[in-house]
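Asks: These protein sequence lines map, in sequence, to chains A and B. Just so we're aligned, residue 1 is where the first sequence starts under the working numbering, counting upward by one. Just so we're aligned, residue 1 is where the second sequence starts under the working numbering, counting upward by one.
Among the hints, a few may not be true.
Repeated chains share a single entry, so a pair holds when one copy, or any two copies, can fit it.
[To be verified] Computed list of lysine to any residue pairs in SDA-like fashion (alpha-carbon distance at most 20 Å, straight line): (1) LYS287 <-> ALA104; (2) LYS107 <-> ALA78; (3) LYS107 <-> GLY41; (4) LYS107 <-> LEU77; (5) LYS107 <-> ARG79; (6) LYS107 <-> PHE80.
If you're looking for bench data, these hints aren't it; they were derived computationally from the structure.
There are 2 protein chains.
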Amino acid sequence: MKVVELSGGVGGARMARGLAAVPTIDLTVVVNVGDDDDIHGLHVSADLDTVIYTLAGVEGPDGWGRSADTFAFNDELARFGVDNRFRLGDLDLALNLFRTQALAAGKSLSAITSEIATSFDIGADVVPATDDPLRTEVKVERDEWISFQEYFVMRAHQDEVEELRYTGSEAAHPAPGVLDAIGAADLIVIAPSNPPLSIWPILAIDEIRQAITRHQRVVAVSPLFGGKALKGPADRVMASLGLPPGNAGVMEAYAGVVDTLVVDTQDADDARQLGGVEVMVTDTRIKEVARARELAEEILAR
Amino acid sequence: MKVVELSGGVGGARMARGLAAVPTIDLTVVVNVGDDDDIHGLHVSADLDTVIYTLAGVEGPDGWGRSADTFAFNDELARFGVDNRFRLGDLDLALNLFRTQALAAGKSLSAITSEIATSFDIGADVVPATDDPLRTEVKVERDEWISFQEYFVMRAHQDEVEELRYTGSEAAHPAPGVLDAIGAADLIVIAPSNPPLSIWPILAIDEIRQAITRHQRVVAVSPLFGGKALKGPADRVMASLGLPPGNAGVMEAYAGVVDTLVVDTQDADDARQLGGVEVMVTDTRIKEVARARELAEEILAR
Chain A
1 MKVVELSGGV
11 GGARMARGLA
21 AVPTIDLTVV
31 VNVGDDDDIH
41 GLHVSADLDT
51 VIYTLAGVEG
61 PDGWGRSADT
71 FAFNDELARF
81 GVDNRFRLGD
91 LDLALNLFRT
101 QALAAGKSLS
111 AITSEIATSF
121 DIGADVVPAT
131 DDPLRTEVKV
141 ERDEWISFQE
151 YFVMRAHQDE
161 VEELRYTGSE
171 AAHPAPGVLD
181 AIGAADLIVI
191 APSNPPLSIW
201 PILAIDEIRQ
211 AITRHQRVVA
221 VSPLFGGKAL
231 KGPADRVMAS
241 LGLPPGNAGV
251 MEAYAGVVDT
261 LVVDTQDADD
271 ARQLGGVEVM
281 VTDTRIKEVA
291 RARELAEEIL
301 AR
Chain B
1 MKVVELSGGV
11 GGARMARGLA
21 AVPTIDLTVV
31 VNVGDDDDIH
41 GLHVSADLDT
51 VIYTLAGVEG
61 PDGWGRSADT
71 FAFNDELARF
81 GVDNRFRLGD
91 LDLALNLFRT
101 QALAAGKSLS
111 AITSEIATSF
121 DIGADVVPAT
131 DDPLRTEVKV
141 ERDEWISFQE
151 YFVMRAHQDE
161 VEELRYTGSE
171 AAHPAPGVLD
181 AIGAADLIVI
191 APSNPPLSIW
201 PILAIDEIRQ
211 AITRHQRVVA
221 VSPLFGGKAL
231 KGPADRVMAS
241 LGLPPGNAGV
251 MEAYAGVVDT
261 LVVDTQDADD
271 ARQLGGVEVM
281 VTDTRIKEVA
291 RARELAEEIL
301 AR
């Protein structure tokens, strides 16, 4: 059973871990790179790393970064007056420096990601949506455009999001293997990631959007619980972009793309009013790998 | 009393600490940059950092790097197959990344070094010999030219040194402040560093060599103890480059530049045979700051 997951960071990584735990699934995770950024001259790929670390079982306590990491480097930056609010652990730094050096040597992000995944002995293919530069930028008050990480980490996603753009998406092509994996997949799973911030940047690549739209079986897992994001600003961002509240907003975010929407049991009432797609109601809290695997199996069995 | 020290790494750093401990001394340390290298894309300035860390009292147990540093980053590089024999501690890395970023932003090495020294609250001026690229390269067997760090760290200075070159020295100018400091100095101290590997790269900059040669009072401290280097390859390198053994070799290494040679008590006999310069015999073991300070005072009092 070939499955392709479209994934952002923490929620997508946990969904990936559940899918990867099902022995019959041959998994390819296509990961958002709109969050990629230059931090201290390093090419940081936050979502790719969260997916790889989580699949390897070495993710940090809040889902990002490495478990048991130390922050000697990051703390010491303060001595030199360097803005160190984007916290890079000492172990995490090794990966980021390796990637930065390999990119500088001319390797593609997808080739490097494959090497990294191999070094962590991960049983799934993890692929960036594109090897081309594609950056999610956020318009906040007073017509100011800022990078995703500036919005999300430095400003702790407190700003109201007025508009989003995916700079570079028009020129971006899918990374090698992405279209083949989608074409060969029996099932596409859109992770319970933030639709505008994590999934739209993937679908902003036209060839990917077309391939997903053409696919017969696309299941999205809603990131909402009782109409709100567990953490992060998904519900606020969707509202400020003019999407309807609750899972109606998720459905609209994926209009024309998704066949089935999986919603949490807390949102069973809300889900009854949704039309146009199949709705599956179940427990979507997948922090624990056992539940993530069950959810994967429930989706497969449908 | 204005003193300029020409310094390499560990020995020079300890001499600098002794000079800086004398309240009447206004110290400028002019530091070798021939050892600078690109490690994982970072601009490493091994001698500058050793001098700054030692003056700040935060040097590592073997003289290089930071005290109480950790190597989580460096060890983790092995996962990705990165050559991590040049050991960069997590604290040390913060400085190296700060410098690399500041250089990339167009700042000069001397301006950055000054900022770093200020951040460690050091009471001496620490200046790179030059802001221009100047690299010590080592010819080993079979006409192979390798970088200083490849010779010194990666190959643990086991190769026989057939020849040295200081690539970039012809085009290099002294960093801002170097010639002024030499011109204003009451005394020049050449540190007990490796003459061909640490001091010659400084003197390879013609304007510096001329200024030092013109100076009335230049005292060199020999790096030899009983004719051998305490650690490091100084005696072997001098021999393989055709210099005579013992302090005669040190004198020849500094011929025309030095007025006084300070040798260790173990080399009192050897020193008696030296002609052409004043010789001062004393205890030159300066690992302890108290003794380094006494040596500085003895040199001043002469």
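Asks: Each hint should be assessed against the structure and marked as holding or not.
Replies: Evaluation of the provided hints:
no.: 1; hint: LYS287 <-> ALA104; verdict: neither (36 Å within a copy, 41 Å between copies)
no.: 2; hint: LYS107 <-> ALA78; verdict: between (32 Å within a copy, 19 Å between copies)
no.: 3; hint: LYS107 <-> GLY41; verdict: both (17 Å within a copy, 15 Å between copies)
no.: 4; hint: LYS107 <-> LEU77; verdict: between (29 Å within a copy, 18 Å between copies)
no.: 5; hint: LYS107 <-> ARG79; verdict: between (34 Å within a copy, 18 Å between copies)
no.: 6; hint: LYS107 <-> PHE80; verdict: between (32 Å within a copy, 14 Å between copies)
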